[in-house]
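Trainee: Sequence order for the protein chains is A and B. Numbering (my numbering) for the first sequence: 1 to 251. Numbering (my numbering) for the second sequence: 1001 to 1514.
In case anyone wonders, no lab produced these hints; they're calculated from the structure. Among the hints, erroneous ones may be present.
As the list claims (entries may be wrong) - The calculated DMTMM-like cross-link candidates involving lysine to aspartate or glutamate, where the alpha carbons are at most 20 Å apart (straight line), are:
id: 1; chain 1: B; residue 1: K1184; chain 2: B; residue 2: E1050
id: 2; chain 1: B; residue 1: K1308; chain 2: A; residue 2: E227
id: 3; chain 1: A; residue 1: K65; chain 2: B; residue 2: E1411
id: 4; chain 1: A; residue 1: K68; chain 2: B; residue 2: D1413
As the list claims (entries may be wrong) - Estimated spans, in silico, between C-beta atoms of each pair:
id: 5; chain 1: B; residue 1: D1435; chain 2: A; residue 2: L59; range: 22 to 32 Å
id: 6; chain 1: A; residue 1: N27; chain 2: B; residue 2: C1026; range: 33 to 43 Å
id: 7; chain 1: B; residue 1: Y1117; chain 2: A; residue 2: L59; range: 33 to 43 Å
id: 8; chain 1: A; residue 1: K228; chain 2: B; residue 2: G1357; range: 30 to 40 Å
id: 9; chain 1: B; residue 1: E1065; chain 2: A; residue 2: G98; range: 47 to 57 Å
id: 10; chain 1: A; residue 1: I26; chain 2: B; residue 2: D1017; range: 38 to 48 Å
These numbers were taken from a predicted model, which means no experiment stands behind them. All C-beta atoms in this analysis are idealised placements derived from N, C-alpha and C, irrespective of residue type, glycine included.
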Amino acid sequence: MVSTVYAVLFYIATLVLVVGVVMRVINYARTPVPLKIVVSPAPRTRKGVWFRMFREVTLFESLFKSNKWIWLFGYLFHFGMLLVLLRHFRYFQRDVWGWVEIIQPFGIYAGFAMVAGLAGLLFRRIFQQRIRYISDPSDYLMLLLFLGIAGSGLMMKFVNHVDIIAVKAFMLGLMRFQIGEMPRDPILMIHLGSVVSLMLIFPISKLMHAPGVFFSPSRTQVDNAREKRHISKWAAELPDLPEGIPEKKEG
Amino acid sequence: MASLDMDAKGGPKFVGDPLKIPQIECGAMADSKTFAAYPVHNEDLGFPGELLDNWKEVAIAKIGELADKNRAFKVYLDACVKCGACTDKCHYFLGTGDPKNMPVARQDLLRSVYRRYYTFAGKYFPWLVGARDMTREVLDEWYTYYHQCSQCRRCSVACPYGIDTAEISMAARDILDSVGVGQKYCNEIIAKLKKTGNNLGLNPKALRATLEDLEEDLEEETGIAVKLPLDVQGADILLITPSADFFAEPHIEGLLGYAKVFHASGVSWTISSYASEAANFGMFIGSYENMREVSWRIRQAAKDLGVKRIVFGECGHAWRVGYSFLNTLAGPFDFLDQNYPIPQHIMEFTSDAIDDGLLKIDKSRNDEFVMTYHDSCNVARGSSMGRKQGGQFDLPRKVIKAVCNHFYEMERDTIRENTFCCGGGGGLLTDDLMDLRIKGAKPRMTALQQVTEDHGVTHMAAICAICKTQFSKVMPKYGYEMDNVMSVHQLVANAVILDGQETEADVATAEDTP
Ligand code: SF4
Ligand code: SF4
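So that you can see chain A by itself, here it is in the shape it has in the complex:
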């Protein structure tokens, strides 16, 4: 019963995540950009923009320049999470890839980095006057959700071992549309339950900043307005304005 519920939840969540994000991204891509609104100084070439964006998503360059604390905690959280996610590949592969094997030990430390980053962000959100002012309940809940996922994951590793072989078998089964037995471990159930919730809310929440950053005109446009005319479809279809100068007399 529990296995079936989790299996169904996983299928629904995956569907919501993929379809939701893809739909939103298509919607972003289709929404016109009427003007060149690069925030300068900005690259003059497409290649330069790729480089700018690469630095933004790998180094969080702007954030580094604007706030070192938020950068530190945000970076620990995001790149910790990235490693942890990559480490999790082994639960979805019958024969685990070599590099996934290699990162396993780092992935564990990354788990701690992720928790440290999240704790720092939460601390600031609660105690930094300005950030508290701009926070809504969902902003706290989101951090708590991530903390729940990371914390329960670490607990299964260090405090309360689960039958990881059985978990892997269950996951591999899901990928082949066979619902096997999921271990009845409360911490595992919390862990997977919060992951499912996260997947469900992703497309309707601020987590959309992840794909959104690639659609931010101020960062992704090329600074070449004078060389290349930029015009959006709806603007091109506006009625023509009258040619010529109406009346030319002094007075």
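Model the placement of chain B with the ligands on the given structure of chain A, informed by the hints.
Mentor: Positioned in the frame of chain A, the structure of chain B with the ligands alone reads:
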């Protein structure tokens, strides 16, 4: 407010910190209200004259329309993670402490309504995501706080996703206008421009008289007939400059500088009475249509006069519109000479003239000034100059250093892409917002005070009509004189010696010779 600077030259000194973050003071600026537009001016711009009966539906629909027409609006409203990196970046927050002047909080005034009507979470769980209904209070709050944003984009530089509060402010003003709640200053000016071709309402006759007066002044000063041509058919260059250059100080001095540079370069040029304004307030109110109409005049003037090139004078947001939008709004400019950027900034022109050795310069003529340079926000973050990235910072400095001996930079985090707005940009340069303007100028003024303490800086140069007007108004509040702000081309005008011009030095040598 002040801190002790132990490393200052000549022993420790009390100086302020331009980046000092104030304590939050809720509602500090809640009473700031800029005058509402007269119905007739709203109508001139194509908006309803007064608040519509069904304003709520119209406003909500307009939010949806903007989200469909402008990717930036939609993505920015979705993507903010409330990280807080922008919260201490706005000069109006630093100057007032009102938390609603923190960029993200300013966005949230609109985001909360967008979420309520256009997102799943906001429709079903409004309390969770801070969504709120559109009400009269919300509308009034928008009017109050979206007229406390100068659309300077300093916050956008700080944001990890480049979220630009200026875009949100423009959208909000567009929504306000479309339900009949316009701002007097902006809408009156746009209406005036549509009638007369400039923000001042100067008619061609008055403009011609002004230019003739200035020609006389120039001849008196230099002994040479330097022209300020108006409506000259077939001139090479059409100069588009803010109308403040025709009557306000220190703007006029800049105009005289352009005239000298053009004269020394031997090009033919003209001003147009039909497009006698570089400023485009259509941007401030976020109205594509109005911005396009204003820009269209420049195209028509260029065509009518048969010029080959367009050059913009010193004006910040005008240059943003010129550099980034003009080609979109009024292009393509296939009838102009394609060997030059279209349009070009006067700074690019002067910089080239210096490189080509066309200007005879005596730097010592500016020796009485110890200069610093204020990067105008729209030039710094909304445009560029020259062939290289960052030219909008380097060219003005190059020109200043070419004509002045004494130049010092202000603190790093207050210049170039991190420059502070003067406090009067974005359609806020009106007396009914004087309190806000004085407070908003504080970070810039503090940075200036620092270099005055450390290096004895006496004057600050700028290349924006709004900056110049704003500073000459607010500088006296910070211990400076009105004329401590200068046009960059004023410095150029001082230092350039025209061919055949008699200088004091000549006179002196003549007297020495027996
Ligand atoms: S654009 Fe400038 S004035 Fe507006 S919120 Fe951002 S920093 Fe403040
Ligand atoms: S920096 Fe950007 S993401 Fe962070 S709170 Fe400000 S607008 Fe939102």
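Trainee: Now tell me if each hint is right for this structure.
Mentor: Comparing the hints with the structure gives:
| no. | hint | in the structure |
| --- | --- | --- |
| 1 | K1184/B with E1050/B | holds (12 Å) |
| 2 | K1308/B with E227/A | holds (16 Å) |
| 3 | K65/A with E1411/B | holds (15 Å) |
| 4 | K68/A with D1413/B | holds (14 Å) |
| 5 | D1435/B with L59/A: 22 to 32 Å | violated (41 Å) |
| 6 | N27/A with C1026/B: 33 to 43 Å | holds (36 Å) |
| 7 | Y1117/B with L59/A: 33 to 43 Å | holds (37 Å) |
| 8 | K228/A with G1357/B: 30 to 40 Å | holds (32 Å) |
| 9 | E1065/B with G98/A: 47 to 57 Å | holds (53 Å) |
| 10 | I26/A with D1017/B: 38 to 48 Å | holds (47 Å) |
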